[in-house]
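**Student:** Sequence:
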Amino acid sequence: MEKHETVVRVLVADDDEVFLEILAETVEQADAAVELAPDGLAAIEQLAANDFDILISDLNMPRMDGLTLLRQVRTFYPHILCILITGFGSLESAIQALRLGAYDYIQKPFMMEQVGVTIRNAVDRVKAYKERAGLLLEIENLQRRICSLEGSQSGNGPGYAAPGVPMGGSLQAELSKFRPDAFLEKPLGNPNRAISALEALKGLKRDGIISDSELDRLKQLIVSRIESGRL
Numbered sequence: 022m023e024k025h026e027t028v029v030r031v032l033v034a035d036d037d038e039v040f041l042e043i044l045a046e047t048v049e050q051a052d053a054a055v056e057l058a059p060d061g062l063a064a065i066e067q068l069a070a071n072d073f074d075i076l077i078s079d080l081n082m083p084r085m086d087g088l089t090l091l092r093q094v095r096t097f098y099p100h101i102l103c104i105l106i107t108g109f110g111s112l113e114s115a116i117q118a119l120r121l122g123a124y125d126y127i128q129k130p131f132m133m134e135q136v137g138v139t140i141r142n143a144v145d146r147v148k149a150y151k152e153r154a155g156l157l158l159e160i161e162n163l164q165r166r167i168c169s170l171e172g173s174q175s176g177n178g179p180g181y182a183a184p185g186v187p188m189g190g191s192l193q194a195e196l197s198k199f200r201p202d203a204f205l206e207k208p209l210g211n212p213n214r215a216i217s218a219l220e221a222l223k224g225l226k227r228d229g230i231i232s233d234s235e236l237d238r239l240k241q242l243i244v245s246r247i248e249s250g251r252l
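Each position in the sequence shown, counted from 1, maps to that position plus 21 in the working numbering.
It should be emphasised that the hints constitute simulated quantities derived from the structure, not laboratory data. Computed from a predicted structure; not experimentally measured. Ideal Cβ positions, reconstructed from N, Cα and C, are used throughout, including at glycine. One or more of the hints may lead you astray.
What the hints assert, rightly or not - For each label pair, taking beta carbons as the anchor points, the in silico distance ranges come out as:
#1 237 - 49: 22 to 28 Å
#2 84 - 39: 17 to 23 Å
#3 98 - 27: 32 to 38 Å
#4 158 - 129: 39 to 45 Å
#5 92 - 132: 25 to 31 Å
#6 238 - 153: 18 to 24 Å
#7 234 - 108: 16 to 22 Å
#8 134 - 70: 29 to 35 Å
#9 158 - 38: 38 to 44 Å
#10 149 - 93: 22 to 28 Å
#11 237 - 132: 40 to 46 Å
#12 96 - 238: 18 to 24 Å
#13 221 - 108: 16 to 22 Å
#14 151 - 84: 17 to 23 Å
All chains should be built: construct the whole structure from the sequences, respecting the hints.
**Tutor:** Next comes the structure, spelled out in structure tokens:
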């Protein structure tokens with residue numbers, strides 16, 4: 022079978038040269054290719070000129086801030102995973118980022134181990150998607166070749182699935198039975214509860230307890246509860 026390219030390309034936008042170098046090194050350690058942009062507008066120019074899979078952007082930058090950049094990316098490059106770097110305890114910006122569809126966020130000051138885990142998770146997710154997309158394309162091409170060779174005698178319509186290829190979502194059904202959002206049912210009281218809940222979710226994902234789709238669902242649940250005043 023043809024080997025499909027799974028190189029993950031990451032764009033890092035930050036006006037702080039020190040942070041740029043640190044993040045670039047961390048991305049390379051996650052086995053991904055990295056390009057750098059000194060601000061949001063430069064990032065937009067690079068996104069228009071090259072293909073990227075992941076964007077890591079600081080919130081506060083000259084010419085174009087991180088949230089504005091995130092809005093542009095979600096509009097014109099919705100396939101890109103976005104990670105926003107926010108100030109410590111900046112609940113409002115973190116929630117805005119999640120509402121705009123950010124994959125994750127990193128708080129300053131940060132520990133390099135945590136940043137490394139966040140970036141590796143994003144890189145691994147893109148690699149898995151690329152590998153799966155490549156495999157599905159190979160299966161589709163193989164099916165077309167088989168149908169072409171067999172012609173009308175094959176009796177297989179366009180919806181035919183190759184033997185051994187699962188068509189159902191049994192794994193996702195099993196994952197959906199697990200409801201880690203139960204920890205959100207605790208009484209209110211801590212004003213930083215939302216940040217704590219978001220950090221707890223990231224910990225569950227790092228430990229492999231919840232899937233990416235479950236993480237996304239719970240993020241949206243937290244956002245909706247904040248907006249309704251129930252968290």
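**Student:** Would you mind marking each hint as holding or not holding in the structure?
**Tutor:** Results of checking the hints against the structure:
| no. | hint | in the structure |
| --- | --- | --- |
| 1 | 237 - 49: 22 to 28 Å | holds (27 Å) |
| 2 | 84 - 39: 17 to 23 Å | holds (19 Å) |
| 3 | 98 - 27: 32 to 38 Å | violated (19 Å) |
| 4 | 158 - 129: 39 to 45 Å | holds (40 Å) |
| 5 | 92 - 132: 25 to 31 Å | holds (29 Å) |
| 6 | 238 - 153: 18 to 24 Å | holds (20 Å) |
| 7 | 234 - 108: 16 to 22 Å | violated (29 Å) |
| 8 | 134 - 70: 29 to 35 Å | holds (33 Å) |
| 9 | 158 - 38: 38 to 44 Å | holds (40 Å) |
| 10 | 149 - 93: 22 to 28 Å | holds (26 Å) |
| 11 | 237 - 132: 40 to 46 Å | violated (24 Å) |
| 12 | 96 - 238: 18 to 24 Å | holds (23 Å) |
| 13 | 221 - 108: 16 to 22 Å | holds (20 Å) |
| 14 | 151 - 84: 17 to 23 Å | violated (32 Å) |
Comparing the model with each earlier hint shows violations of hints 3, 7, 11, 14; every other hint is respected.
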